[in-house]
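Number of protein chains: 2
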Amino acid sequence: MARANANLTADGHAGPNEQLGYEMSMFTIEATDGGARAGVLRTPHGDVPTPAFMPVATQGSVKALDPADLRSVGANILLANTYHLYLRPGVDVIDAMGGLHRFIGWDGPLLTDSGGFQGYSLKHLRKITEEAIFFKSHIDGSMHVFSPESAMRHQRDLGADIVMPLDVCLASDAPRAEVEAAVERTNRWAARCVDAGAGDGQALFGIVQGGLYPDLRRRSAEFLVSVGFPGYAVGGLSVGESKDDMYEVLGFTTGLLPAAAPRYLMGVGSPEDLVESVARGVDMFDCVLPTRIARNGALFVREGRVNIYTAPFQRQDGPIDDGCDCYTCRTFSAAYVHHLFRAKELLAYRLATIHNLRFVLRLMEEMRSAIEAGSFDAYRGEFASRFVPPEQRTQLEQKRKWLAAQGRPDGRRR
Amino acid sequence: MARANANLTADGHAGPNEQLGYEMSMFTIEATDGGARAGVLRTPHGDVPTPAFMPVATQGSVKALDPADLRSVGANILLANTYHLYLRPGVDVIDAMGGLHRFIGWDGPLLTDSGGFQGYSLKHLRKITEEAIFFKSHIDGSMHVFSPESAMRHQRDLGADIVMPLDVCLASDAPRAEVEAAVERTNRWAARCVDAGAGDGQALFGIVQGGLYPDLRRRSAEFLVSVGFPGYAVGGLSVGESKDDMYEVLGFTTGLLPAAAPRYLMGVGSPEDLVESVARGVDMFDCVLPTRIARNGALFVREGRVNIYTAPFQRQDGPIDDGCDCYTCRTFSAAYVHHLFRAKELLAYRLATIHNLRFVLRLMEEMRSAIEAGSFDAYRGEFASRFVPPEQRTQLEQKRKWLAAQGRPDGRRR
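Top line first, the protein sequences correspond to chains A and B.
The opening position of the first sequence corresponds to residue 838 in the working numbering, with each subsequent residue numbered one higher.
The opening position of the second sequence corresponds to residue 838 in the working numbering, with each subsequent residue numbered one higher.
Honestly, the hints are just simulated from the structure, not real lab data.
Check each hint, because a few of them may be wrong.
Copies of one chain are not kept apart here, so a pair can be met inside one copy or by any two copies together.
Stated by the list, open to error - In silico DSS-like links for lysine-lysine, alpha-carbon gap of 30 Å or less:
| id | residue 1 | residue 2 |
| --- | --- | --- |
| 1 | K1080 | K1181 |
| 2 | K1080 | K973 |
| 3 | K964 | K1181 |
| 4 | K964 | K1236 |
| 5 | K973 | K1238 |
| 6 | K973 | K1181 |
Only chain A is shown next, with the shape it has when bound in the complex:
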């Protein structure tokens, strides 16, 4: 275990960052263990211990939970989506209500994604030009333009602590020429976002794209680092590629980023991916997976995922997972949760979401402790030996189905 200095600065990038009004010291690394890092992210709405998982409140609500639930599961920072909030209720409404924190009743740190991912996930509903992404609303078919400048303006009005630039995200099987063009455009858009500027106290992260091509990832990262951001996201992963490919590209990409800045892997959140990504130096995550599968009755336990609908739970008097400290497991039998799902009771979705989020957030806490104790490798090995993820094929199939459902009126959304 190596203890890092409290206020590392990225080599040679203090200048540009100062120009942006950011302090690199928003992030402090407290301990490292191999590639894994334990730190603290400082925001105007409080500190976030890292590695951190951000529950996703796409439309300003982590589905089925309220802010008290989110505190109870140990959430320290949430993610919301600019594009979705822009469409409904409208950024102007949220601005008039005093900003996103106040509107949703969450006084902790918030990050807003820009809408760039929707340029990928809603692909049959958009056109992308050099100027902007042109969206057809999945709600009412109306036309909307998201440019780097308007994405920044909307995010200033929403007032999250961390904001993201508009980027171009592609599927993992996109041809090289397309990926290359997307990297170049993402870089130009990042520069336009920097010029447009974040709000007071807001930190604008950079997003590294480049698909599965190491040289394109390098080109993207080098450009962003030359501009200088207080944090760097890795985008365009977990979009259809295999886990091996994802881990390889991720490990390569984090190595291109300044050690002192926080690294955020976008859209990743299965337990095994969280552990493997922390091992590769990632500090922040968001993903709908834990909450989405919870609503389908897929619940995390020590050994993997279980389906609460199945017969063995009908008479299980004990909790869903022995030793789980979540409200659901402390209060109700697995048999009751099974019944609620079978009877389609709304409480089922809340109890299951609490359970899965607590599982993931406890995993983050455990990893942080292991890094601090210098025992992360042992933790990672222990985890891999007991937690058996569903077949990779099943996961990919589920992801593809989900992506295909994006943009339908009843489709699930990131």
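Using the hints, position chain B against chain A.
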């Protein structure tokens, strides 16, 4: 205001009640004001101040809420449905889990309805003979028999504090001959339920039927009082008749019941009906209305009902109802709740349900205080002058639609 003795007994009915193992003293009237009464119902799981409203947990869950929510809105007793729980998860499952209280995580008083109402609301799925009600399951079409004896056996196994006999409930427009036959059968079934017996500590109430016919109501009440029950329910109201008819029959019927026993008006729960029924001497209520309309976005405010979906709420920075002390109003703007409904976020249903239940339970608390203070008439007048119920026609139409939906796989159920 007249203060009643602490341990009134029903004239001449101490004998039969003792035979049943009940104590009339499960109910204490602490104050009366005109026909209205303030009392305390004692149960093995705690005391219930009356007038009391019982939120409905048909399938063992008050839709969208958990036990902590129910405490927070001021619920002191819940109602669950024997027929629904018998079908799913099965009484045997709940019995094996230690009974209904433990299964649903509610350690306060519980009342179970027998399934008699489903003999009315699921009328295309049942046949009624002298022996029993034969149901075709609305879940899977399987056949089931509910007799007075099996209804009691199931309720003993569920272990609620108050249990109800199987009864025959009819629509308000049933011909007199049918109503008369139903009264006679309900009386015979009540006697069979008494013979079958409730569990230790359980109180079996009688149910007065008789439709809109005073002489049949009298015949029903006189029989039940001659048997002697620790409490009496008024069934077969709010089943399609006008409010005037309901109030008239209710006032007549409560006058037939022993003053010392608690009186429970089944299936009634609009705010105006609660006030008018308390004025007529009712002590207990249950109804899905406050929770059902909440999930449709119809919310109670001082002046009546509002539709949270409508435009005026889009930018209402204040709470749904000024002066409401519920968690929803203390925590969120009306604009946020409006957004959650528009965006179909699951949290909407919980926040709305909390609000409407708190409204109704606060109404009960206010009525109790007014009765104790001898100012119930003034309270009733003030309430009637400010709270404007939706057009009676609209309400009847809604009720008919709801009843028509009963028994469909996705139908809402009492």
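Evaluated hints:
1. K1080 <-> K1181: neither (34 Å within a copy, 33 Å between copies)
2. K1080 <-> K973: neither (32 Å within a copy, 50 Å between copies)
3. K964 <-> K1181: between (39 Å within a copy, 27 Å between copies)
4. K964 <-> K1236: Within one copy only: 23 Å inside, 48 Å across.
5. K973 <-> K1238: within (21 Å within a copy, 37 Å between copies)
6. K973 <-> K1181: Only across copies: K973 and K1181 sit 20 Å apart there, 33 Å inside one copy, limit 30 Å.
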